[in-house]
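Q: Okay, here's what each chain looks like letter by letter:
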Amino acid sequence: MPFQRFVQTGRIAKCSAGPLKGRLVAIVDVIDQTRVLVDGPLTGVPRQEYRLNNLHLTKYRIKFPFTAPTRIVRKAWTDSDMKAQWKASPWSSRSQNICKRSHLNDFDRFKLRYAKRQRNKLLTIAFNTLKKRTKSDGTERKLKKDKRERIRELKAQGVKKGAAKK
Amino acid sequence: MAPVENAKKSAKTGKKNHKHPVNKYLSGGILRYSKSQMYKRRALYRLKNVKQPIVPKTKQPIKKVKKINGPKNGGERTVYLKKPKANYPTKRFVKKRPAKSLFSNHKRNIRRNLTPGRVLILLAGRHQGKRVVLLKVLSSGLLLVTGPFALNSCPLRRISQRFVIGTSSKVNLGDLKVPEHLNDAYFRRLKIKKDKKSGEGDIFAVKKERFVPNEQRKKDQKEVDAAVLKAIKAHPEGKFFKKYLQNMFALHSSQYPHRLRF
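Those protein sequence lines, which keep their order, are chains P and X.
Each residue of the first sequence is one higher than the last, beginning at 1 in our numbering.
Each residue of the second sequence is one higher than the last, beginning at 1001 in our numbering.
Keep in mind that the hints were calculated from the coordinates and are not lab data.
Note that CB positions come from ideal geometry on N, CA and C, so glycine has one too.
Treat the hints with care, as some may be off.
Ranges of calculated distance between the beta carbons of each label pair, as one might list FRET restraints [said to hold, decoys possible]: (1) Glu-1223(X) - Leu-123(P): 41 to 49 Å; (2) Gly-18(P) - Leu-1251(X): 25 to 33 Å; (3) Gln-1246(X) - Gly-18(P): 41 to 49 Å.
Simulated crosslink set (DSS-like; lysine-lysine; CA at most 27 Å straight-line) [said to hold, decoys possible]: (4) Lys-116(P) - Lys-1239(X); (5) Lys-100(P) - Lys-1230(X); (6) Lys-131(P) - Lys-121(P); (7) Lys-116(P) - Lys-1242(X); (8) Lys-1230(X) - Lys-145(P); (9) Lys-1243(X) - Lys-142(P); (10) Lys-116(P) - Lys-1066(X); (11) Lys-111(P) - Lys-1242(X); (12) Lys-1243(X) - Lys-116(P); (13) Lys-1230(X) - Lys-111(P).
Excised from the complex, chain X in its bound form (with noise of 0.2 Å):
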């Protein structure tokens, strides 16, 4: 892509010029200044009477004879030694787009108290106004919390940051680490595989899958909430803090949440 890199180049140019008096156009196409005056803010009357020396030129050849076998062929022919384009844009200083626009190629900006240990309270989902604690943050840009799941049976879970309250609580994890298979193709959905043949005839016949944790998932709630329940019972205000964790929050009379600190 040529004219990008013209662009490129320009831009770099322009940078530059900003050393020596600038002249610009004002509104209507006029220019700030005007050749003489521009002659005199460079000092280019310096340079008028020096000569530069001239520097013979080597001619460098654009085109090439080339020997051309075969017969009726007319033995040979000029190239160019540049091959010339095969296409040319059809609009001036095209823009690359650049290749970010992949959902996972995005920046993930993630609040900036939402560390591992914090407490959140969760607003949405099946386990809305728990609280649970963070865990980390995953590639996808999703939070890893748990409850843990003995205290308030809020399992290893993702949530997006929208649908979190961070608290100013936290408990100290430490240098807790969580299991790398925990990502997010662990907790993606699995999607159940239609029959295609049999797809049209009994549709109320089908009964809905219902989510059962496998082996592997509870080995993994048990390994990482031991961990999680050490954290809260070293915490000093242990007592109180398992106990926060199993209350709901909610609402009460005369709290409204843009007043409130958390």
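Pulled out of the complex, with its shape left as it was, chain P reads as follows (with noise of 0.2 Å):
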């Protein structure tokens, strides 16, 4: 599989270390084979040299010409809409459950260990009753209290011993 992604010129990249972690950026010059220019003005990032070390290119490239100035970027990001393409990517969605499980207090964190222990509870027991219910050989398995019950049903209905077997 050949390489998708490429440090060029309007690839949009994100920080992954330091004050601007997180944030997304576009790659506007390659300095160096170690250092980029980078301008974010959609993000809050001011434009300036990055260490690649701490870039995380995305699948996503927005088009304009290198050392673009920043008002160029501005409106390549717009028009290209990539914040509302970033937040129906998958990695978006992931990062801000990252970010939701590690802003829970004590409390939140209890609560939702509460609520799994719920939804297992209901999971197992859902899977017994089909276990129990299906043969090695996935038909379905007719079990000794069905038959007691719909013996009773009839009784109940009125009908006689013998008519049932019928």
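With the hints as a guide, bring both chains together as one complex.
A: Dropping the structure here:
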């Protein structure tokens, strides 16, 4: 599988360390093998050089000429509807979830665990009943309990013993 | 203590001098400004021709002639009006130590988030891992907490703030007043008196005395807990909050206390 994401002008990347951690930037120019010029006019990142070590490349790319001024980067960013695109991406939702989880306090963590426990309880009950009622070859298994219940129902309706068998 | 006073005075006058250009010592004991430069800087030439009126000083007597009674005493003696000191300090400017070293006089610095009604996680002692409610900070700097007893069987108890994690969740205790008699003396451990006479004989026969709460303690526990339980019920998530306090705190896999928020 060849590489899909390159360090190139217009590539959207995510800062992975430092005070700008988690912000999206656009690569404006490549300075050398380790550094690039980035700009994030709509994410609050001033134009600056940035180490590639601290950038994670995304699959998105916006179009503008290299070394374009902030004004043009901003225009390209809004025109490509980058914000909505990023929001819809699984990467964004995952990072939002991580953020949510890390912001939970002790009480929230307890509530989460409690809810999980409740859900798992229901799941195991449902699973066990299914397991009981299916044979190893996948067909339905009838339990003694079912037969008894059916008879009881019929009795309640007033049907005689012999008639039920027929 | 005269030297202390002197030191204080000199410090005060030193502050005043800062209004004027100050001369100071450079390294090596040389003055920054020479005598003539200071004369210029302080504009002392203004005062050169000003003649200060000479106020005649009235001499105050230092000594006094005292009459001495009794025979063979010379009849009279000259005595200093100001009595000379009986002893002098061997060292100059000996600082007086303030009498604050007593433990009871120490300043208590309680972590700012430890306010009454706060839910704490106990980290040490018999009830470690339990979530309890903070009632009050006692004068010794220890925290007064309660389970409440009905929820997690942690009684009214003292604990140092060092052995506690303060969480962000709290109960609104309102103007709950913890009884005055629930102080440090109330919780002090009772010492068992040793029998000195029979101390040598049966060391092994002596049973360890166990703590048994008396009626007063039980009564106090009930009273305080009733108010706290009421407050817990009034919490917007009262049902969960009760369960929360009933549950022990524990770290699970991939949970690191320094990364958690409490």
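Q: Verify the proposed pairing of Lys-1243(X) with Lys-116(P), using a straight-line Cα cut of 27 Å.
A: It holds: about 15 Å lies between the C-alpha atoms, which stays within 27 Å.
Q: Is the gap between the beta carbons of Gln-1246(X) and Gly-18(P) within 41 to 49 Å?
A: Once the Cβ atoms are compared, 43 Å apart, the range 41 to 49 Å for Gly-18(P) and Gln-1246(X) holds.
Q: Going straight from one Cα to the other, do Lys-131(P) and Lys-121(P) come out at no more than 27 Å?
A: holds (15 Å)
Q: Given the hint of 25 to 33 Å, is the C-beta distance from Gly-18(P) to Leu-1251(X) inside that range or not?
A: Distance hint for Gly-18(P), Leu-1251(X) holds at roughly 29 Å.
Q: Between Lys-1230(X) and Lys-145(P), is the straight-line Cα distance small enough, at 27 Å or below?
A: violated (47 Å)
Q: Are the Cα atoms of Lys-116(P) and Lys-1239(X) separated by 27 Å or less?
A: holds (17 Å)
Q: If you draw a straight line from the CA of Lys-1243(X) to the CA of Lys-142(P), is it 27 Å or shorter?
A: violated (41 Å)
Q: Do the alpha carbons of Lys-116(P) and Lys-1242(X) lie within 27 Å of each other, as the hint requires?
A: Within the cut-off at roughly 18 Å; holds.
Q: Measure nothing beyond the straight line between the CA atoms of Lys-100(P) and Lys-1230(X); if it is 27 Å or shorter, mark the hint as holding.
A: Judged against 27 Å, a Cα distance of about 32 Å means the pair is violated.
Q: Regarding the pair Lys-116(P) and Lys-1066(X), is the alpha-carbon distance no greater than 27 Å?
A: violated (99 Å)
Q: Is the Cα-Cα distance between Lys-1230(X) and Lys-111(P) 27 Å or less?
A: holds (21 Å)
Q: Measuring from beta carbon to beta carbon, are Glu-1223(X) and Leu-123(P) in 41 to 49 Å?
A: holds (44 Å)
Checked against the numbered hints above, the structure violates hints 5, 8, 9 and 10; every other hint is satisfied.
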